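Q: Below are the chains, spelled out letter by letter.
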Amino acid sequence: MQWSEFFTSSVGKKFVMGLTGLFLISFLVIHVGINSCIFADLFDPSENGEMFNKGAHFMGSTVVIRILEVGLFAGLILHIVQGYLLEARNRSARSVGYAVSMGNKGSKWYSRSMGLLGTLLLLFLVVHIAHFWVKARITHTLAPVTYNGVEMHDMFSEMKAVFSQGWVIPVYVLGCISLAYHLAHGFQSAFRSVGVHNNKYNKLLIGLGYAFSIIVSLLFALMPVSMYFGWVG
Amino acid sequence: MEHYNMNLTLKVWRQKNSQDKGRFETYQVKNISSEMSFLEMFDVLNEELIREGKEPIAFDHDCREGICGMCSMYINGRPHGPWHANTTCQLHMRAYKDGDTIVVEPWRANAFPVVKDLVVDRSSFDRIVQSGGYISVNTGNAVDANAMPIEKDKADAAFAAAACIGCGACVAACKNSSAMLFLSAKVSHLALLPQGAPERKSRVLNMVAQMDREGFGACTNTGACEAVCPKEISITNIARLNLEYIGSGLVTE
Chain A
1 MQWSEFFTSS
11 VGKKFVMGLT
21 GLFLISFLVI
31 HVGINSCIFA
41 DLFDPSENGE
51 MFNKGAHFMG
61 STVVIRILEV
71 GLFAGLILHI
81 VQGYLLEARN
91 RSARSVGYAV
101 SMGNKGSKWY
111 SRSMGLLGTL
121 LLLFLVVHIA
131 HFWVKARITH
141 TLAPVTYNGV
151 EMHDMFSEMK
161 AVFSQGWVIP
171 VYVLGCISLA
181 YHLAHGFQSA
191 FRSVGVHNNK
201 YNKLLIGLGY
211 AFSIIVSLLF
221 ALMPVSMYFG
231 WVG
Chain B
1 MEHYNMNLTL
11 KVWRQKNSQD
21 KGRFETYQVK
31 NISSEMSFLE
41 MFDVLNEELI
51 REGKEPIAFD
61 HDCREGICGM
71 CSMYINGRPH
81 GPWHANTTCQ
91 LHMRAYKDGD
101 TIVVEPWRAN
111 AFPVVKDLVV
121 DRSSFDRIVQ
131 SGGYISVNTG
141 NAVDANAMPI
151 EKDKADAAFA
161 AAACIGCGAC
171 VAACKNSSAM
181 LFLSAKVSHL
191 ALLPQGAPER
201 KSRVLNMVAQ
211 MDREGFGACT
221 NTGACEAVCP
231 KEISITNIAR
241 LNLEYIGSGL
251 VTE
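Line by line, the protein sequences are chains A and B.
So for the first sequence, our numbering puts the first residue at 1; every next one is plus one.
So for the second sequence, our numbering puts the first residue at 1; every next one is plus one.
Derived by calculation from the structure, the hints in this document are not laboratory data.
Hints may be right or wrong, so weigh each one.
A short, non-exhaustive set of chain A residues, derived as facing chain B with CB atoms under 7 Å [unchecked claim]:
| no. | residue |
| --- | --- |
| 1 | Phe15 |
| 2 | Gly60 |
| 3 | Gly195 |
Listed below are the simulated DMTMM-like cross-link pairs for lysine to aspartate or glutamate, each with C-alpha atoms no more than 25 Å apart in a straight line [stated by the list, open to error]:
| no. | chain 1 | residue 1 | chain 2 | residue 2 |
| --- | --- | --- | --- | --- |
| 4 | B | Lys54 | B | Asp100 |
| 5 | B | Lys152 | B | Glu199 |
| 6 | A | Lys108 | B | Glu2 |
| 7 | A | Lys203 | B | Glu232 |
| 8 | A | Lys203 | B | Glu226 |
| 9 | A | Lys105 | B | Asp100 |
| 10 | B | Lys231 | B | Glu253 |
| 11 | B | Lys11 | B | Asp100 |
| 12 | A | Lys200 | B | Glu232 |
| 13 | A | Lys200 | B | Glu151 |
| 14 | A | Lys105 | B | Glu232 |
| 15 | B | Lys21 | B | Glu214 |
| 16 | B | Lys116 | B | Glu25 |
| 17 | A | Lys203 | B | Glu151 |
A quick note: this is a predicted structure, and the numbers were derived from the prediction, not measured.
Note that the Cβ used here is the ideal one computed from N, Cα and C, for glycine as well.
Construct all of the structure, not just a fragment, from the sequences and the given hints.
A: Right under this line is the structure:
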């Protein structure tokens with residue numbers, strides 16, 4: 001079998017969706033982990049985002065991570081393009097629809113709405129990347145801060161500035177809700193798509209998937225909310 | 001269970017042939033016994049239509065015992081009607097009460113074109129099986145039952161997958177019109193057994209290729225197929241099929 005045959009088959013395409021999805025999940029673990037350092041402020045107000053700024057600086061200044069960042073964007077784009085191609089193909093498989101929809105009889109609404117949830121996430125990502133990534137990596141328009149003689153971007157102050165705007169909060173919260181539902185199905189579905197068929201593990205992965213989607217999305221949502229209301233920073 | 005009669009309103013999809021656009025027709029059926037099967041209710045309606053000089057409603061059926069996989073009605077938004085692990089022929093009218101309205105549609109999928117009314121062409125399933133859903137052995141004397149030991153768990157899983165009757169409810173229920181539950185049952189029941197081993201790799205590759213050619217969608221693991229399957233084929237088979245395909249596709253030259 002040729003590579004092209006494998007990756008253009010329906011199962012091959014879903015294999016790519018599953019792998020890229022798991023890769024993006026691994027990125028979320030890092031992202032939520034480093035960003036949660038802002039909550040150190042709750043325990044020590046003199047901290048003023050130092051731990052978070054150092055973490056962000058490490059991510060931005062380490063060569064290996066910058067190379068992985070290229071891989072991250074490649075994986076993200078592949079996941080998005082492949083997702084839309086699959087959605088288009090799947091929708092075209094039924095030209096005449098039903099008069100009475102099956103609705104939630106047998107499947108969860110969010111498992112049937114991965115395209116919609118993914119689109120909401122994509123729109124959110126455009127706003128999110130413009131808010132932080134572009135300023136930190138492209139235009140370098142962030143205020144500097146110096147710790148132990150090392151100058152770095154003051155991402156913490158930038159977060160406070162962005163999250164002081166009222167309209168940003170519902171956009172981010174909606175983004176996090178979309179993420180929660182996308183992950184609630186995507187987490188366990190990704191493992192199925194790459195072939196995990198042991199029921200003992202599948203049951204574990206379903207529980208783990210729900211826990212992961214709720215915890216990660218809640219932590220992310222708490223960041224803009226806690227900064228807007230002044231609990232942090 | 002107490003017997004009762006009921007009057008019902010039926011909205012049934014009528015379509016002269018594959019070219020016709022089709023439409024819903026409304027019928028009133030009277031004095032339907034709660035002990036009738038759903039298909040017997042259609043027989044009563046058809047006899048009435050014939051008496052009136054009208055064209056009877058075409059629908060697929062054969063054994064009427066829930067084992068052949070021919071009946072295929074999408075009833076009030078669910079393939080094979082409201083009962084769990086059930087075929088249309090085994091659905092009985094006690095599932096309904098007097099005055100109910102029942103909407104009956106054919107399976108909807110481009111790979112299952114409507115032939116007439118509620119009858120769809122499911123020969124795409126036959127072509128998928130022909131592309132690899134078999135083992136190549138010369139027939140001869142029956143082999144001794146103990147000649148080839150098979151683990152009990154695997155034999156049970158293979159048997160559970162082999163229970164698929166190929167009715168197509170999985171495709172009808174799936175938002176992507178995916179045939180993956182059907183295909184995974186056919187691949188699993190042979191992949192789990194030593195008899196299926198020699199053609200294990202080529203089987204899964206050829207069957208998936210044929211499924212894609214037939215125009216079925218891809219699986220997004222929503223679970224709607226499993227929920228409506230009259231034979232309770234587990235969605236776990238789909239994950240097994242994925243592994244069979246990935247393992248075969250990545251190593252086959």
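Q: So, against the hints stated earlier in the document, which numbers end up violated here?
A: Going through the list in order, the structure violates hints 2, 6 and 10 and respects the others.
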